[in-house]
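If you read the sequences in order, they're chains A and B.
Under the numbering used here, think of the first position of the first sequence as 16, with each following residue one higher.
Under the numbering used here, think of the first position of the second sequence as 16, with each following residue one higher.
Derived from the structure by calculation, the hints contain no laboratory data.
A quick note: this is a predicted structure, and the numbers were derived from the prediction, not measured.
All residues carry an ideal CB built from backbone N, CA and C; glycine is no exception.
Certain hints may be false.
Unchecked claim - Here are a few chain A residues that face chain B, going by a calculated C-beta distance under 10 Å:
no.: 1; residue: V51
no.: 2; residue: A52
no.: 3; residue: A59
no.: 4; residue: A67
no.: 5; residue: L69
no.: 6; residue: T101
no.: 7; residue: L102
no.: 8; residue: S104
no.: 9; residue: A108
no.: 10; residue: T132
no.: 11; residue: K161
Claimed, not checked - Derived DEER-like restraints, expressed as beta-carbon distance ranges:
no.: 12; chain 1: B; residue 1: K161; chain 2: A; residue 2: E140; range: 49 to 55 Å
no.: 13; chain 1: A; residue 1: D98; chain 2: B; residue 2: S89; range: 20 to 26 Å
no.: 14; chain 1: A; residue 1: D98; chain 2: B; residue 2: T174; range: 28 to 34 Å
no.: 15; chain 1: A; residue 1: R130; chain 2: B; residue 2: P119; range: 56 to 62 Å
no.: 16; chain 1: B; residue 1: V163; chain 2: A; residue 2: R151; range: 19 to 25 Å
no.: 17; chain 1: B; residue 1: A108; chain 2: A; residue 2: Q124; range: 42 to 48 Å
no.: 18; chain 1: B; residue 1: S104; chain 2: A; residue 2: R97; range: 46 to 52 Å
2 protein chains.
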Amino acid sequence: MAVETSTRPDAHTASADGEMLVPAMFRNLIGYHLRVAQETSFQAFARAAGKADLKPGWYSLLTVLAERESMTPSELSRICGRDRSTLTSSLKALSRRGLIERRPNLADQRSYSVRLTENGRRMQERLHAIAVVYDRRLDEIAGKDKAVLIAVLGRIAATFGPPQD
Amino acid sequence: MAVETSTRPDAHTASADGEMLVPAMFRNLIGYHLRVAQETSFQAFARAAGKADLKPGWYSLLTVLAERESMTPSELSRICGRDRSTLTSSLKALSRRGLIERRPNLADQRSYSVRLTENGRRMQERLHAIAVVYDRRLDEIAGKDKAVLIAVLGRIAATFGPPQD
DNA sequence: GCAAGGTAGTTCGATATCAAACCATCTTGC
DNA sequence: GCAAGATGGTTTGATATCGAACTACCTTGC
Numbered sequence: 016m017a018v019e020t021s022t023r024p025d026a027h028t029a030s031a032d033g034e035m036l037v038p039a040m041f042r043n044l045i046g047y048h049l050r051v052a053q054e055t056s057f058q059a060f061a062r063a064a065g066k067a068d069l070k071p072g073w074y075s076l077l078t079v080l081a082e083r084e085s086m087t088p089s090e091l092s093r094i095c096g097r098d099r100s101t102l103t104s105s106l107k108a109l110s111r112r113g114l115i116e117r118r119p120n121l122a123d124q125r126s127y128s129v130r131l132t133e134n135g136r137r138m139q140e141r142l143h144a145i146a147v148v149y150d151r152r153l154d155e156i157a158g159k160d161k162a163v164l165i166a167v168l169g170r171i172a173a174t175f176g177p178p179q180d
Numbered sequence: 016m017a018v019e020t021s022t023r024p025d026a027h028t029a030s031a032d033g034e035m036l037v038p039a040m041f042r043n044l045i046g047y048h049l050r051v052a053q054e055t056s057f058q059a060f061a062r063a064a065g066k067a068d069l070k071p072g073w074y075s076l077l078t079v080l081a082e083r084e085s086m087t088p089s090e091l092s093r094i095c096g097r098d099r100s101t102l103t104s105s106l107k108a109l110s111r112r113g114l115i116e117r118r119p120n121l122a123d124q125r126s127y128s129v130r131l132t133e134n135g136r137r138m139q140e141r142l143h144a145i146a147v148v149y150d151r152r153l154d155e156i157a158g159k160d161k162a163v164l165i166a167v168l169g170r171i172a173a174t175f176g177p178p179q180d
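Build out the structure end to end from the sequences listed, making use of the hints.
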């Protein structure tokens, strides 16, 4: 494969061996590299989790819940950066599988709070274990640049993140 | 029951002003920061593009096409890192709006090739302009670390990327 | 008190994505 | 030639996501 961009004269095309190269217009765009890196690494995690019958998409939800006694869907929505309407279905799924439980908020009839069940906690722990393994690989890849990487990513998130900065 | 847990003494929760803090378990995970940075920055781009009535999701497709005379859905799929079945609907949409045109492959009845139309090219240029503006902000944020950032992201993509490395 | 406006959660419609099953066609081995 | 297997593209079904519209309930101003 020796795809390593060696001496290929032209460029930008898919190489014969099916490798996907970076289109010329994207080469210098941070956003592009960010996207590809995120997608590929997340999918690797998702595949690993999927094999163990775990839903990778639930990981962040469960983890956030694992750190609090209980919270409302709206709080979760803010913390996870997902729309409230997205949470409705996610929480329904988690609830259906007995990973969380809802309890009514006596002080506000509209609202309820969710908390992890024992099963939920176990699922969270298993997912976290997988995530940590993957992140160890990211650590290796980042090497001495890890601190810089996290700092830059943090600045990006802060800059483009939630309006109330 | 005042789920609001008002006097919250502990930390790590969403701060009063709705700020979303990084859950403790995620603080040290590169994958988390990667995800958040990518999501927030992409959404900023998508919002900007959306306001101009441009579909951000089409940007990479159109750009890849802009650099080649024509290609088949399968090639596009490999280069863009999307499943072939995903391309089916995207190409249908692009075609419906006259941004690309399909022409049969005389040598293989199963296949066809797509190419940008003039409108497609214009749309690509407009999207690219927006993307570049956004990427300029990413450049500023990365500052002197840009090269390191792109290098690390590239290594991540290469490591977790397509099987045939 | 009560009308007006705000907030919590849901529903619905659109888009994007993948994976698996599928059909039609092409290529290969013999 | 032709059967078997590979390949190109589509269909279908599941998940995830957002935003807008909606219902029910709460809070405020007066």
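Whether the CB-CB distance between S104(B) and R97(A) falls inside 46 to 52 Å: The hinted range 46 to 52 Å is violated for S104(B) and R97(A), with Cβ atoms some 24 Å apart.
Residue hint K161(A), partner chain B, criterion CB-CB below 10 Å: 7 Å, holds
S104(A) as chain B interface residue, shortest Cβ-Cβ below 10 Å: 18 Å, violated
T174(B) and D98(A) - C-beta distance against the hinted 28 to 34 Å: At 32 Å between Cβs, range holds.
Beta-carbon spacing of K161(B) to E140(A) - inside the hinted bounds 49 to 55 Å or not: At 38 Å between Cβs, range violated.
Distance restraint evaluation - V163(B), R151(A), Cβ atoms, bounds 19 to 25 Å: 20 Å, holds
Cut-off 10 Å, beta-carbon criterion: hint that A59(A) touches chain B: Holds: closest Cβ of chain B sits about 4 Å from A59(A), inside 10 Å.
Residue hint V51(A), partner chain B, criterion CB-CB below 10 Å: 5 Å, holds
When the least beta-carbon distance from L102(A) to chain B is tested against 10 Å, hint result: Constraint on L102(A) not satisfied, violated at 14 Å.
Hint check for Q124(A) and A108(B) - Cβ pair distance inside 42 to 48 Å: 43 Å, holds
Closest C-beta approach of A108(A) to chain B relative to 10 Å, hint status: Nearest chain B Cβ about 20 Å off; hint violated.
Hint status (Cβ of T101(A) to nearest Cβ of chain B, threshold 10 Å): At 13 Å from the nearest chain B Cβ, T101(A) fails the 10 Å test, so the hint is violated.
In summary, the structure is inconsistent with hints 4, 5, 6, 7, 8, 9, 10, 12, 13 and 18 from the numbered list given earlier, while agreeing with the others.
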